[in-house]
Amino acid sequence: MTLGRACLFLALAIAPIGAIASIYGARTGRREWVAVGRRSVYALAAVLTVAFAVLESAFLRSDFSFEVVTTHSSIATPFFYKAAAMWSSQEGSLLLWMWLLSLWSSLVLFLTRRSLRELAPYATAVLLGFATFFGALVVFMANPFQLLDPAPSDGTGLQPLLRHPSMMIHPPMLYSGYTLFTVPFAFAVAALITRRTDAAWIRATRRFGLAAWTFLGIGILLGARWSWSELGWGGYWAWDPVENAALMPWLAGTAFLHSFMVQEKRGLLKLWNVCLVLGAGILAILGTFLVRSGILQSIHAFGGSTLGKPFLGFIALLVLGSVALVMSRRDDLRSPEARSYSPLSRESIFLMNNVLLVGLCFVIFWGTFFPLISEAVTGNKASVGPPWFDRYTVPLAIGLVFFSGLGPLLAWRKTTLAGARRSLQGPALFALVVVVLLIVLGVPAGKWTALALFGGAAFAIGSVVQELWRGVSVRRAQAAESPPVALVSIVRRNRRRYGGYIVHVGIALLFVGVGASAAFQHVRDVRLSPGQTARVGGYDVHYVRATSSVGPEKVSLGAVLDVSKGGKHVSTLRTTRGYYPSSDPTAGPVGQYFDGDSTTEVGLKAGLRRDIWTAVQPDIGAMQKMVDGIDKRFPLAQGDTQRFLLTAVSQRYVVAPPPAVFRLIVSPMVEWIWLGGIVLGLGALIAIWPPPRAQRRHVVAPSWSARLGRELSRA
Amino acid sequence: MQFVLVMLVLCGATALMASPLYSKVRGADGQDAEEAALEAARDAKFREIRDAELDFRTGKLSRDDYRALDSTLRAEAIDLLRRLDAVRGHEEQAA
Amino acid sequence: MDPRRKRRIRLGVALSAAVMLAAGLIYTSFSAASDARTPSQLLRTAESGRSYQLTGKVVPGYRVHGDSLDFRVRDRAGGSSVLVHYTGEIPDPFKGGREVIVTVRRSGSRFVGQRDSLITKCPSKFSASKGT
Numbered sequence: 001m002t003l004g005r006a007c008l009f010l011a012l013a014i015a016p017i018g019a020i021a022s023i024y025g026a027r028t029g030r031r032e033w034v035a036v037g038r039r040s041v042y043a044l045a046a047v048l049t050v051a052f053a054v055l056e057s058a059f060l061r062s063d064f065s066f067e068v069v070t071t072h073s074s075i076a077t078p079f080f081y082k083a084a085a086m087w088s089s090q091e092g093s094l095l096l097w098m099w100l101l102s103l104w105s106s107l108v109l110f111l112t113r114r115s116l117r118e119l120a121p122y123a124t125a126v127l128l129g130f131a132t133f134f135g136a137l138v139v140f141m142a143n144p145f146q147l148l149d150p151a152p153s154d155g156t157g158l159q160p161l162l163r164h165p166s167m168m169i170h171p172p173m174l175y176s177g178y179t180l181f182t183v184p185f186a187f188a189v190a191a192l193i194t195r196r197t198d199a200a201w202i203r204a205t206r207r208f209g210l211a212a213w214t215f216l217g218i219g220i221l222l223g224a225r226w227s228w229s230e231l232g233w234g235g236y237w238a239w240d241p242v243e244n245a246a247l248m249p250w251l252a253g254t255a256f257l258h259s260f261m262v263q264e265k266r267g268l269l270k271l272w273n274v275c276l277v278l279g280a281g282i283l284a285i286l287g288t289f290l291v292r293s294g295i296l297q298s299i300h301a302f303g304g305s306t307l308g309k310p311f312l313g314f315i316a317l318l319v320l321g322s323v324a325l326v327m328s329r330r331d332d333l334r335s336p337e338a339r340s341y342s343p344l345s346r347e348s349i350f351l352m353n354n355v356l357l358v359g360l361c362f363v364i365f366w367g368t369f370f371p372l373i374s375e376a377v378t379g380n381k382a383s384v385g386p387p388w389f390d391r392y393t394v395p396l397a398i399g400l401v402f403f404s405g406l407g408p409l410l411a412w413r414k415t416t417l418a419g420a421r422r423s424l425q426g427p428a429l430f431a432l433v434v435v436v437l438l439i440v441l442g443v444p445a446g447k448w449t450a451l452a453l454f455g456g457a458a459f460a461i462g463s464v465v466q467e468l469w470r471g472v473s474v475r476r477a478q479a480a481e482s483p484p485v486a487l488v489s490i491v492r493r494n495r496r497r498y499g500g501y502i503v504h505v506g507i508a509l510l511f512v513g514v515g516a517s518a519a520f521q522h523v524r525d526v527r528l529s530p531g532q533t534a535r536v537g538g539y540d541v542h543y544v545r546a547t548s549s550v551g552p553e554k555v556s557l558g559a560v561l562d563v564s565k566g567g568k569h570v571s572t573l574r575t576t577r578g579y580y581p582s583s584d585p586t587a588g589p590v591g592q593y594f595d596g597d598s599t600t601e602v603g604l605k606a607g608l609r610r611d612i613w614t615a616v617q618p619d620i621g622a623m624q625k626m627v628d629g630i631d632k633r634f635p636l637a638q639g640d641t642q643r644f645l646l647t648a649v650s651q652r653y654v655v656a657p658p659p660a661v662f663r664l665i666v667s668p669m670v671e672w673i674w675l676g677g678i679v680l681g682l683g684a685l686i687a688i689w690p691p692p693r694a695q696r697r698h699v700v701a702p703s704w705s706a707r708l709g710r711e712l713s714r715a
Numbered sequence: 001m002q003f004v005l006v007m008l009v010l011c012g013a014t015a016l017m018a019s020p021l022y023s024k025v026r027g028a029d030g031q032d033a034e035e036a037a038l039e040a041a042r043d044a045k046f047r048e049i050r051d052a053e054l055d056f057r058t059g060k061l062s063r064d065d066y067r068a069l070d071s072t073l074r075a076e077a078i079d080l081l082r083r084l085d086a087v088r089g090h091e092e093q094a095a
Numbered sequence: 001m002d003p004r005r006k007r008r009i010r011l012g013v014a015l016s017a018a019v020m021l022a023a024g025l026i027y028t029s030f031s032a033a034s035d036a037r038t039p040s041q042l043l044r045t046a047e048s049g050r051s052y053q054l055t056g057k058v059v060p061g062y063r064v065h066g067d068s069l070d071f072r073v074r075d076r077a078g079g080s081s082v083l084v085h086y087t088g089e090i091p092d093p094f095k096g097g098r099e100v101i102v103t104v105r106r107s108g109s110r111f112v113g114q115r116d117s118l119i120t121k122c123p124s125k126f127s128a129s130k131g132t
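Taken in order, these protein sequences are the chains called A, B and C.
The letter at position 483 of the first sequence is residue 483 when you use this note's numbering, and the numbering goes up by one with no holes.
The letter at position 36 of the second sequence is residue 36 when you use this note's numbering, and the numbering goes up by one with no holes.
The letter at position 121 of the third sequence is residue 121 when you use this note's numbering, and the numbering goes up by one with no holes.
Only chain A is shown next, with the shape it has when bound in the complex:
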């Protein structure tokens, strides 16, 4: 038994022991057993770190005695991709999931070791319950330490499509998001079990929820970015089931991050909050399940694996358990009767926000699982495509972006009509000016959804700018600081508020990018020979010459294109299609390259105003006769001979290239999506960053009011 495998067995033993110890300690009041439970989580993290290090080192050393290394890496795989190849496999990705879970669990239990005395043991048990499930998977069904004897001399390499930096960071980001959502989930369950449904559990886990949301959001955007810049179809989102599976917990998390503030301040929306956080946790497991189950047709659904049934059982347990808990504790989740709020209040907006986000989540859930629903209802599997999703998500998104601008302008509990008018007029006017300007600049009024989205985004950005301006003015009046210093001061003293506002700006920018690129994209598929020109979106794209290269791993055929507008040179684009050899023993030395995997290198000129995108599809059919002839004459060619033959074919392609098909896209403001993501991340970081600890010093003061005043000024 290897060290790594032993660590997995150990982890599978530690998790349930720790869970039982925690519950025993909580039920009997024996604190030492609660501590045993907490330290079990630390021990789990330590043991899994060893297992992770063993597997990672095997990948970096190209140790092909491990099956997973052989099937997902090779000697020729670049170092960076070797390091990340671990989680391109089922087994390695499950180990990563479990390891991240143990790290976040350790962190939250360390931070709450002196607080939440009643909740922490049950939360520990829930977190260790997750670890037990994943531990059982990696021990009994997906062993990352399966050995090969004899060990091969080389591996099969990493799937070519995954050789992109975004794709390597994408899984750790997603899994960090999923695993971080288990933290507020666990504490919500603990709060329900102990009937401690006040805001204490939320305060303790707020940052974990926000971190989960941030990581998951970045993971989703990285996947979209990879799709745009690496795949040859020219899009970034396809409403694919696995894409949707990551978006749903993110939406539930977004709703939770807003409505928990209402519970924190007013003790309201308790039922909403537990349902949202339990839903986000379950949806996170559902997302992990969808990728591995093969139950839905998806570009990502990597065939069927045997893990579908255990996951389904676990999800059923989570759903039934959550429903039972919420129903049995519904009396403890009732809001205090006396605490109402005006329709013109932040509470109202957050409630509307919840409704829209949950509605969006439901639409996506329904569309994603429709094949299974239709099969259950009609006996036929049927699916809905992107137009169906767009029909419902676009209006909901417009509503959301509008409310994201309205929320910051209203006060908690009540805003007077006069106050609301005063706050709204600036951003509303800005939004109107933007919409009118867009129409004047040529945006057709018929594209009303795009105009509404741009108007909503302008409103949201305008409201944040106004809030920042007003905050700076207040600070300057109080402290006589210069505007930049005052800005830093107010953000530092109100991180949650202004961090949230910056996130809103990021979302608005993202929506602008999505709206513009969806509504005003120009796409053309053209067949060109060298010297020919095509026109797309006002740009002239001239096919200059064909290119080719023969590398150690692949043969690439491509093109150089010159892009100009109004006679002025704009950019030179280079696009290639790489052909990797198949492992089919009957394929010839040259033919095997055109029978195997291929990847597209997109030609991309990115810019804030627009992206110009192109992908080439060489006509291999036109070269088939030549390839077949060479394979027939030299069926056993290898090494230098094979390389010579490949070079001959590729040079022939350059000298006499057949017409190639190009997809040409001019897409406005796509980069705003990624820019919005960066701004969103920055805002989230500000909101997460802990404020300086209030000094713990006993203040002597003549009265409570005076003492409160002094403590407030120091806080």
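Simulated from the structure, these hints should not be mistaken for laboratory data.
Note that the coordinates shown come from a computational prediction; the quantities given were computed from them, not determined experimentally.
Ideal Cβ positions, reconstructed from N, Cα and C, are used throughout, including at glycine.
Some hints here could point you the wrong way.
[Stated by the list, open to error] These stretches of chain A come out as covered by chain B in the derived footprint (C-beta under 8 angstroms, 3 or more residues):
1. 7-15
2. 391-399
3. 488-497
[What the hints assert, rightly or not] Pairs of lysine to any residue residues, derived as SDA-like cross-links and limited to a Cα-Cα distance of at most 25 angstroms, are as follows:
4. LYS447(A) - VAL436(A)
5. LYS625(A) - ALA17(C)
6. LYS632(A) - PRO60(C)
[To be verified] Among chain A residues calculated to face chain C with C-beta under 8 angstroms, some are:
7. ALA83
8. GLY359
9. TRP388
10. ASP525
11. GLY596
12. THR599
13. GLN617
Place chains B and C on chain A using the hints.
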């Protein structure tokens, strides 16, 4: 070598998990936990007071509404400070 | 107004909106959906002019001519196959033996793929475990 490493990991994990059973768990933990909860509630209340002031100064709340809200929040904050003092007073006595 | 009554009104409005959205959703999903079919199902039941989502594995030996592709799709477990003529973007992972999803309409004895509807599933890296 693998066996030695496995045994090391096993012993380390066992020692870490079992250590609370052999060392004294501080009796003051309970009060520390209550104090931490009150401090968190106090900090949240201070945030609410500052938020309300910022809402007033940025024109979202009328003066009358702000005064009413501020006095309610300050009363709640003073109650929290009192409870915090009581817990800390018990702590000092226990020490 | 009594807070309890306010709450009930809000709940009523929200539930009504939710029911309306759900009804619209359900109706349009059933009417706008494409039926999924395997090759053998398609051969038995496909009607001319109606679109279907064909799922199956690519039979090796397909031909590419420019941006058009003639390929056969067979049932996952082998057996029947159908000929598809497709025009549009050919996904990078497309090759013989891979699982594909493509929207098709019947045209005589063959099926015509809807432009740019061809999806190739990523090659399986999450396949069934070979044992522990």
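Check: Should the interface hint for ALA83(A) be scored as holding, given a Cβ-Cβ cut-off of 8 angstroms against chain C?
Finding: violated, 17 angstroms
Check: Holds or violated: the stretch 488-497 of chain A covered by chain B, criterion of 3 or more residues with Cβ-Cβ distance under 8 angstroms?
Finding: It holds, with 4 qualifying residues against the three required.
Note to self: Under 8 angstroms is the threshold here; is the Cβ of GLY596(A) close enough to any Cβ of chain C for the hint to stand?
What the structure shows: At about 7 angstroms, which falls below the 8 angstroms cut-off, the nearest Cβ of chain C leaves the hint on GLY596(A) intact, so it holds.
Next item on the list: Closer than 8 angstroms between Cβ atoms is the bar; does TRP388(A) clear it against chain C? Give me holds or violated.
Entry: At about 5 angstroms, which falls below the 8 angstroms cut-off, the nearest Cβ of chain C leaves the hint on TRP388(A) intact, so it holds.
Check: Taking the closest Cβ pair, is ASP525(A) under 8 angstroms from chain C?
Finding: The hint holds - ASP525(A) has a Cβ within 8 angstroms of chain C, the shortest such distance being about 6 angstroms.
Margin query: Take the shortest C-beta to C-beta distance between GLY359(A) and chain C; is it under 8 angstroms?
Written below: holds, 6 angstroms
Check: In terms of beta carbon proximity below 8 angstroms, does the stretch 391-399 of chain A have 3 or more residues touching chain B?
Finding: Check failed, 0 qualifying residues.
Note to self: Hint THR599(A) vs chain C: min CB-CB distance below 8 angstroms?
What the structure shows: holds, 5 angstroms
Notebook entry, point to check: Is the hinted pair LYS632(A) and PRO60(C) satisfied, with a Cα-Cα distance of at most 25 angstroms?
Noted result: With Cα atoms ~18 angstroms apart, LYS632(A) and PRO60(C) stay inside 25 angstroms; holds.
Note to self: Just to be careful: measuring from the Cβ of GLN617(A) to every Cβ in chain C, is the smallest value less than 8 angstroms?
What the structure shows: Since chain C brings a Cβ to about 6 angstroms from GLN617(A), closer than 8 angstroms, the hint holds.
Notebook entry, point to check: For the stretch 7-15 of chain A, does the count of residues with a C-beta closer than 8 angstroms to a C-beta of chain B reach 3?
Noted result: holds (count 3)
Item checked: Distance restraint between LYS625(A) and ALA17(C), which requires alpha-carbon spacing of 25 angstroms or less -> violated, 63 angstroms
Comparing the model with each earlier hint shows violations of hints 2, 5 and 7; every other hint is respected.
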